[in-house]
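Trainee: Chains as they are written, first to last, in my numbering: chain A, 1 to 390; chain B, 391 to 624; chain C, 625 to 863.
Hints in this document: simulated from the structure, not taken from any laboratory.
Any given hint could turn out to be false.
[Claimed, not checked] Label-pair restraints from in silico Cβ distances: (1) A/Thr208 <-> C/Arg792: 50 to 60 Å; (2) B/Glu499 <-> A/Glu141: 27 to 37 Å; (3) A/Ile229 <-> C/Lys728: 31 to 41 Å; (4) B/Gly564 <-> C/Glu856: 18 to 28 Å; (5) A/Gly15 <-> C/Thr814: 40 to 50 Å; (6) B/Asn612 <-> A/Val174: 37 to 47 Å; (7) A/Ile227 <-> C/Asp711: 29 to 39 Å.
[To be verified] Computed cross-link-like contacts, DSBU-like style, restricted to lysine-lysine with a CA-CA straight-line distance of at most 35 Å: (8) C/Lys693 <-> B/Lys609; (9) B/Lys622 <-> C/Lys680; (10) A/Lys302 <-> C/Lys857; (11) C/Lys813 <-> A/Lys226; (12) C/Lys680 <-> A/Lys231.
Don't be surprised by glycine CBs; every beta carbon is placed ideally from N, CA and C.
Listed below are the residues making up each chain.
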Amino acid sequence: MKKTHIPKLDDFLGGGVPEGSSMLFSAVPGVECEAFGYQILNGFIEDDGKGFIFTNVAEPPNITYEFSRYGWDLETHIEEGKAFFVDGASSFIGMPPEGKYVINNHEDVYEMVKKAINDVKGGVGIINNLSTLIDYTDPTEIIPMIKGWNEEASKTGTVLVYLFTEWDYKPDLVESLKECFNCVVSLNSIEERVIIGQGFMVTSASWTKPLTNMVLFFVMQPGGVKIYIPKILVTGPYNAGKSSFVKSISEKSVSVDRMALEKFPTTIAMDIGHLDHGGFVADIFGTPGQERFDLMLDILAKEAVGAFILIDSSAPQTFARAKEMINKTHSEAIPNIIVANKQDVKGALSPEQIREKMNLNEQIPIVPTVVTDNIGVNQALDTLLKLLYG
Amino acid sequence: MIVCIESGIPGFEEMTHTDSFMGGIPENSTTLVYGPPKTGKSIFSYQFCYNGLINEEPCLYITTNKGLKMFIAETNDYNLSVDEYLMNGSLHIIDTVSDILEKKVEPTETVVNSEINNPTDLMVNIGSKINLVRNQNPRFRSVLNSATTLLAYNESMLIVRVIKAYLMRVKEAGGTPIITYTEDSADKIVETMLKSMVDNIIRMDGNELQIEAMKGFGKSENNYIITENGIKLE
Amino acid sequence: MIKTTESGIPGFDELTSTDEFPGGIPLGRTTLIYGPPKTGKTIFANQFTYNGLENKIPCLYITADQGIKQLTNSMMEFNWFLQSYIDNGNIYIIDGISQLAGVKLEDTNNYKTTTIGNPADMMVKVGIGSRYVYRKCPEFRSVLDSATTLFAFNQEQMVLRVLNAYIRRNNEAGGAGLMTYTEGSTTEKTEQQLLSLFDNLIRMDGETITINSEYNQSENLDGFTSVYNITEKGIVVNH
């Protein structure tokens, strides 16, 4: 087994990647993909392996520079003969090629990459980018080409990593492409009008039954691919039951309470919890409801990927305030749902009544709950997660 | 106000002078000179180059359709002798023709050979020459005469990219480049691409010099003749 | 009713306004400006960008044709000073071409370099950039100048795919998108496919400007055609 050096990914794949396997990283346009390939190559070399990068998208000096931004020294690896380029980019824009192999005609790609696979026996090859390759290759030849490389890789024990952007190709092409690889990792986006988060998920692995949780990640320069523990915000007007809600969805929670008024304890700093719901992990932040803490809401909202807006269903006078908070999360492009709490209290409004009263459009889900009795809490969680991950 | 440099063509400055435009060729802009064969595009480029040299603006001249000897002979024909500037190091030439004719010139401080069918080698030479020229004077000129030959010997989109890179590099370094091109010698798409990449477009049809576009100026046309001293606007 | 944002081009908003349509550049859409070379398409796009910046509307600007230095310089010719907006972060620039000029520029929060031949990387930056400007103002502007350069450096089908993804991203975010393209710089078939990606088309031929949008179907076509001039202050549409 070889390590990919992508956090969590090795665990999901049962420890790593067997020698000679092929992997496809398939990204939705806009999701970072190159970093995965580069990180794997860097990891292999640091484990005393060898590797190459085939590029048809950027000239080698640009890639070397990109590596340095991640804090990885590709230049030295190349000098020491541990890494090399198959340069399929430079000569197509008239730049001086740089690499052990240089491609001047698209027809040469197959043989050159095949040689490279042999040169790094037991190491890794990064194919950047498969999408561009498709465009320059006869459609009937692309699959045999990939199969040929994968066969060569399997013979020589080389791991091949393909980077692929899923532009609007015909679905059957994508389908048949994906069947060529031992392992497919899809890189998806979490969107609310704009991309607010990125996640990877193993969709198949021939050697193990992989865990198929979606792991949120971000890419750091320097640093590379890092796992991102998302923050989920719990907000709403004063006395809607936010602290109880944080407690009920968290494994453990801490609340910074103070007896603000003699009778009603209220959160003056925040509630913090940690959620693990069906493999989905997140940090939970509950904010105080009073307006004087709005600055804190602003700060937390900037980092959150989703929000629960809690309201006291029996207190319509607080709805205007709740609406204000919804708008705040909208302006930060955070998916949110309304948790209509205290459904057990006399005079509590139903979700439909609340929707009408607050003039909310149909897109915002409203989930009725009685948090203190743990009624509706799981539904609320599932609703938000569905909104986040589709 | 857009700063202009002299074109070297008698009458051009007057033709392009308006209340809001000083006349000449906008400094640090890119120009395409095109038209049917034998209408004086090369002569235009010699005059442009020569005018810079006599004003102490060095020039990088890339000749892809005439070898060095021919270039020198033709400039002499129009009383635009460049010998002095080749000697004093202010005129730099990349010659991609002599190689094809198997009459490579002896490389000197100012003259290098390159290969017409090797755009990469050409770009490497261009890159190092621009550095040289820029260090002499950031106000410099450059000529690519002509795009037509490059297009004839190579895949045309590759040449479009190379020309884009060439123009970008000269511009980035502060220079003012012109390229020449024979109308209809390549695909229409290529011609449109070339036009879209430059700031100014000048067409010469044998009688008229038409400024089809020039930034800060617009359009204009004027008759011209070719005299023993080169092109002259009437 | 469709929302629009002012174009910043004198005469343009008046020309495009009807009973159902307020005039200007639509939000949540991407508009293509096309026409022969050197007819003022880039000037239009830059004028639109600058008008937004002056009104505190942020802009995501993909420059594929000129490096950042030339972009700033060419805008300065019209007295549009971009630098202060680069400094205050109201413009997010994706520079696809400076690398080709051999310049190595450091990325900042709102300035990113990419390689013109690497559309996947460009889209990653578009993703980050649109979030950046969206958070500043959901009615942001988004400009790509120009698609022509993308066509010079990539396969035509790939460019169409990328532009399609870009348009979708932009429209979903709700910004007002503007893209330039030089007529005749791809094959006829590709050009048709490209034009069909857009609901709104502006054609500039050097003398007249014609707007062909989803909003003037019922209108007399002449109402959306006018002559224009390129002046020291940018494009001016006669109306």
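Trainee: Compare the structure with each hint and give your call.
Mentor: For each hint, the structure was consulted:
1. One distance hint, 50 to 60 Å for the beta-carbon pair A/Thr208 and C/Arg792, is violated here, with the actual separation near 35 Å.
2. Taking 27 to 37 Å as the suggested C-beta distance range, the pair B/Glu499 and A/Glu141 does not conform, at roughly 50 Å.
3. Against the hinted window of 31 to 41 Å, the Cβ-Cβ separation of A/Ile229 and C/Lys728 comes to about 35 Å, which satisfies the hint.
4. For B/Gly564 paired with C/Glu856, a C-beta distance near 24 Å keeps the hint of 18 to 28 Å intact.
5. Take A/Gly15 and C/Thr814: their Cβ atoms lie about 48 Å apart, and the range 40 to 50 Å holds.
6. Remark: the range hint 37 to 47 Å for B/Asn612 to A/Val174 is contradicted by a beta-carbon distance near 58 Å.
7. Checking the proposed 29 to 39 Å range against A/Ile227 and C/Asp711 shows it holds: the Cβ atoms sit about 34 Å from each other.
8. In summary, the hint linking C/Lys693 to B/Lys609 is supported, as the alpha carbons are separated by about 26 Å, within the 35 Å threshold.
9. As the CA atoms of B/Lys622 and C/Lys680 are separated by approximately 51 Å, the hinted pair breaks the 35 Å bound.
10. The straight-line distance between the Cα atoms of A/Lys302 and C/Lys857 is roughly 39 Å, outside the 35 Å bound, and the hint therefore fails.
11. Proposed proximity of C/Lys813 and A/Lys226 is contradicted: the alpha carbons are some 44 Å apart, above 35 Å.
12. At most 35 Å may separate the alpha-carbon atoms for a hinted pair to count; C/Lys680 and A/Lys231 meet this at roughly 30 Å.
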